[in-house]
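Read top to bottom, the protein sequences are chains W, B and L. Be aware that the first sequence starts at 1, since it is given in my numbering, and climbs by one per residue. Be aware that the second sequence starts at 1, since it is given in my numbering, and climbs by one per residue. Be aware that the third sequence starts at 1, since it is given in my numbering, and climbs by one per residue.
Each hint should be verified, as a subset may be incorrect.
Any copy, or any two copies together, can satisfy a pair, since identical chains are not distinguished.
[Stated by the list, open to error] Simulated pairs of lysine to aspartate or glutamate, DMTMM-like, Cα-Cα distance not exceeding 25 Å:
1) 59 x 4
2) 259 x 190
3) 282 x 78
Since the hints were derived computationally from the structure, they do not count as laboratory data.
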Amino acid sequence: MNYETIRLRHDNGILWLTLHRPATLNAFTVQMAGELIHAFESASDDDAVRVVIVTGEGKAFCAGMDLGSGGNVFGLDESLSPTLADMEQRLGDPDIANGVRDTGGRVALAIMACKKPVIGAVNGAAVGIGSTMLLSMDVRLASDQARFGFVFGRVGIAPEACSTWLLPRIVGVSQALEWFYRADVFDAQEALRGGLLRAVVPAAGLRAEAERIARGFISGRSAVSAALTRQMVYAGLGTHERDQAHRLESLAVFYTSQKDGREGVAAFRERREPRFTSTPSKDMPPFYPW
Amino acid sequence: MNYETIRLRHDNGILWLTLHRPATLNAFTVQMAGELIHAFESASDDDAVRVVIVTGEGKAFCAGMDLGSGGNVFGLDESLSPTLADMEQRLGDPDIANGVRDTGGRVALAIMACKKPVIGAVNGAAVGIGSTMLLSMDVRLASDQARFGFVFGRVGIAPEACSTWLLPRIVGVSQALEWFYRADVFDAQEALRGGLLRAVVPAAGLRAEAERIARGFISGRSAVSAALTRQMVYAGLGTHERDQAHRLESLAVFYTSQKDGREGVAAFRERREPRFTSTPSKDMPPFYPW
Amino acid sequence: MNYETIRLRHDNGILWLTLHRPATLNAFTVQMAGELIHAFESASDDDAVRVVIVTGEGKAFCAGMDLGSGGNVFGLDESLSPTLADMEQRLGDPDIANGVRDTGGRVALAIMACKKPVIGAVNGAAVGIGSTMLLSMDVRLASDQARFGFVFGRVGIAPEACSTWLLPRIVGVSQALEWFYRADVFDAQEALRGGLLRAVVPAAGLRAEAERIARGFISGRSAVSAALTRQMVYAGLGTHERDQAHRLESLAVFYTSQKDGREGVAAFRERREPRFTSTPSKDMPPFYPW
Numbered sequence: 001m002n003y004e005t006i007r008l009r010h011d012n013g014i015l016w017l018t019l020h021r022p023a024t025l026n027a028f029t030v031q032m033a034g035e036l037i038h039a040f041e042s043a044s045d046d047d048a049v050r051v052v053i054v055t056g057e058g059k060a061f062c063a064g065m066d067l068g069s070g071g072n073v074f075g076l077d078e079s080l081s082p083t084l085a086d087m088e089q090r091l092g093d094p095d096i097a098n099g100v101r102d103t104g105g106r107v108a109l110a111i112m113a114c115k116k117p118v119i120g121a122v123n124g125a126a127v128g129i130g131s132t133m134l135l136s137m138d139v140r141l142a143s144d145q146a147r148f149g150f151v152f153g154r155v156g157i158a159p160e161a162c163s164t165w166l167l168p169r170i171v172g173v174s175q176a177l178e179w180f181y182r183a184d185v186f187d188a189q190e191a192l193r194g195g196l197l198r199a200v201v202p203a204a205g206l207r208a209e210a211e212r213i214a215r216g217f218i219s220g221r222s223a224v225s226a227a228l229t230r231q232m233v234y235a236g237l238g239t240h241e242r243d244q245a246h247r248l249e250s251l252a253v254f255y256t257s258q259k260d261g262r263e264g265v266a267a268f269r270e271r272r273e274p275r276f277t278s279t280p281s282k283d284m285p286p287f288y289p290w
Numbered sequence: 001m002n003y004e005t006i007r008l009r010h011d012n013g014i015l016w017l018t019l020h021r022p023a024t025l026n027a028f029t030v031q032m033a034g035e036l037i038h039a040f041e042s043a044s045d046d047d048a049v050r051v052v053i054v055t056g057e058g059k060a061f062c063a064g065m066d067l068g069s070g071g072n073v074f075g076l077d078e079s080l081s082p083t084l085a086d087m088e089q090r091l092g093d094p095d096i097a098n099g100v101r102d103t104g105g106r107v108a109l110a111i112m113a114c115k116k117p118v119i120g121a122v123n124g125a126a127v128g129i130g131s132t133m134l135l136s137m138d139v140r141l142a143s144d145q146a147r148f149g150f151v152f153g154r155v156g157i158a159p160e161a162c163s164t165w166l167l168p169r170i171v172g173v174s175q176a177l178e179w180f181y182r183a184d185v186f187d188a189q190e191a192l193r194g195g196l197l198r199a200v201v202p203a204a205g206l207r208a209e210a211e212r213i214a215r216g217f218i219s220g221r222s223a224v225s226a227a228l229t230r231q232m233v234y235a236g237l238g239t240h241e242r243d244q245a246h247r248l249e250s251l252a253v254f255y256t257s258q259k260d261g262r263e264g265v266a267a268f269r270e271r272r273e274p275r276f277t278s279t280p281s282k283d284m285p286p287f288y289p290w
Numbered sequence: 001m002n003y004e005t006i007r008l009r010h011d012n013g014i015l016w017l018t019l020h021r022p023a024t025l026n027a028f029t030v031q032m033a034g035e036l037i038h039a040f041e042s043a044s045d046d047d048a049v050r051v052v053i054v055t056g057e058g059k060a061f062c063a064g065m066d067l068g069s070g071g072n073v074f075g076l077d078e079s080l081s082p083t084l085a086d087m088e089q090r091l092g093d094p095d096i097a098n099g100v101r102d103t104g105g106r107v108a109l110a111i112m113a114c115k116k117p118v119i120g121a122v123n124g125a126a127v128g129i130g131s132t133m134l135l136s137m138d139v140r141l142a143s144d145q146a147r148f149g150f151v152f153g154r155v156g157i158a159p160e161a162c163s164t165w166l167l168p169r170i171v172g173v174s175q176a177l178e179w180f181y182r183a184d185v186f187d188a189q190e191a192l193r194g195g196l197l198r199a200v201v202p203a204a205g206l207r208a209e210a211e212r213i214a215r216g217f218i219s220g221r222s223a224v225s226a227a228l229t230r231q232m233v234y235a236g237l238g239t240h241e242r243d244q245a246h247r248l249e250s251l252a253v254f255y256t257s258q259k260d261g262r263e264g265v266a267a268f269r270e271r272r273e274p275r276f277t278s279t280p281s282k283d284m285p286p287f288y289p290w
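If we strip away everything but chain W, and leave its shape as in the complex, we get (with noise of 0.2 Å):
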């Protein structure tokens, strides 16, 4: 895919994501949002991906969903009357998917399903979208000059990826109603102290400290093991129980053992660094996905 509004830069392992429209500060469009989702598809079955870093180009982030397009500036088609039944049963219809899903949340469910870790290194203003595709990444880290708001109420809209069921489990649900209702834009350290990032780090070294979080999550550490970590924590933010998580997992140690496992168990009697092999796009245990 040819892209227009992302770029993409691979480095031993890191997948760099830049979001790429600077002379409109990064602004989120129905385009941009194709491009991450086809993004983040191909990054979850390549096996020299091994983490994603998402920034922004120039000094935003992402300023938000483009409102200077014309007709619905969400893209929706005003035209339909759809029901909650609709969501459910026909999602997949074309008139569903591209004239009533929130294409936030399309990016979002994306991202969720990729199989490697994903950092947000947020390098400037980050509103609306541009704030809450932030919360399906794994970390968060932000530059000093890194700005926030969950802006929906000023704009008179709800909030929408995913972010009323993620932004509370994330910074808590007393945090998360408050920043909605406030609608305001805010600075870094109050986003850390609300529990919305990692830290915070002077501008000129964001890159240098994603990437270092980055380098910890690879070197001698097994990809499967990650992949299915990941799947297992969002699958578990959700509806099942503490059952369902021990049935998981004891078929993910199941099948992990017998693979990379045995490499692991091997390198630590005899002292040394492991060499995992398995890989995300072929090794995977058959139960998965569930």
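Position chains B and L against the provided structure of chain W, taking the given hints into account.
What follows is chains B and L alone, placed relative to chain W:
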């Protein structure tokens, strides 16, 4: 309704709801439960109410269940032998509704069902139901004179008001269990450190701080966006999955983008404050309640 | 049962459970799993046990799975090809129970099923299952000598002991994933900052601090209230909704108010300490287990 245990005051979008039995430290009764439920149901559909602030008259917030009444002080009908099947299949039957259902839980469910943001301003002792009724409010502030206590284990009963479900989601499972097991009274600073509170302020400044936060939720913000956000966040804490969040959010954005969202986008383009006109009483989208 | 890998000591309501294979840093074995499950099941029905405190003998807490044994070190039957349907439909069949089920998960489920509060007192290295078995304990304390590590990705296997479900609920999804991906060993201060621990204390004071907390859960507190609280909180972390919490709590208050609750209210009125007599072995209400 002519309230005897609470007082209401409307102030330009804010409903001040004051627990008002000062002679008994605002101790909770079955009558107070009924009046609170009625007040929150009324506020939910009253477009003049944008935010509800709950506080207590005098030096206490709510000293807990009034243990001074005769018979079963919790208002329960001891002649019954209810089962979980009774609770699932005939929760509305008069003998179950009046003789078995936890009154604190009925209040908590009514607060969660309200379409308006709710702020708790804890002016003094909040013990037992005084503490647990706070959990279904969105933002909790306290005076430095406030005290808290999940004292059920010392009264010999189980926790109520949906607190076994809400408290772990607010402060984490470990802190929740410790406070339940200890069953003692602790001060506002411990409540703040434990994550129960957003802030502790000097007693003299409590109401002003609550109002300051409430005003930030109102001016230039869409009331329908806030209502949908609140209902989606509390629904999302329960059983439904991220896919369900995506379905609901898609519909919520779809419909709001054609009403307040149209004004919000226009205001953004014209660099002016939006003038939202959708109301929770008349303009909730057709998929609500789901 | 004659335990070989753990030691039990009763002290006036507290059961001290010590992991006891000091020659191997208390490394975890299939035998230890069986003994832990038996000990927690016994403690659950032993009214002399009000709180369980788990610690390790010698300088370690638990150094992880004993990787020194022959064959599949995790005790798994590699001749099988289990599916998720097997796990859902015949979890109790001997070949699945003994050859596929994760032993750490069986221990975690037994700890969560126990009717007594459980405190982890981490005296030294807690690695792999040494870290994950802590997650089903209610309160975690550590010596400043303790270390932690969710090292599964470095061993080449997936996380276990329900940790993909529990760890995100305790420390948040972002911190959980980072620790899983890093798969390294970290110190007690990082564990404290990350939310895994309630407190870090000097090594010499660890047992005294654990006992101090445990005593606060016992004196003048209802054992049945604590048992119901624990079971409702862990059930509530799973699939059930706030409505289900309300149903359970209603029944829990209904029945406890007529036993220990009657004494608690009388003691309150008479301004004296309550003398609770209900026991988890005989006085759990009729809807338990649900």
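Structure-based check of all given hints:
{"no.": "1", "hint": "59 x 4", "in the structure": "within (19 Å within a copy, 58 Å between copies)"}
{"no.": "2", "hint": "259 x 190", "in the structure": "neither (44 Å within a copy, 31 Å between copies)"}
{"no.": "3", "hint": "282 x 78", "in the structure": "between (43 Å within a copy, 20 Å between copies)"}
The structure shown violates just one earlier hint, number 2.
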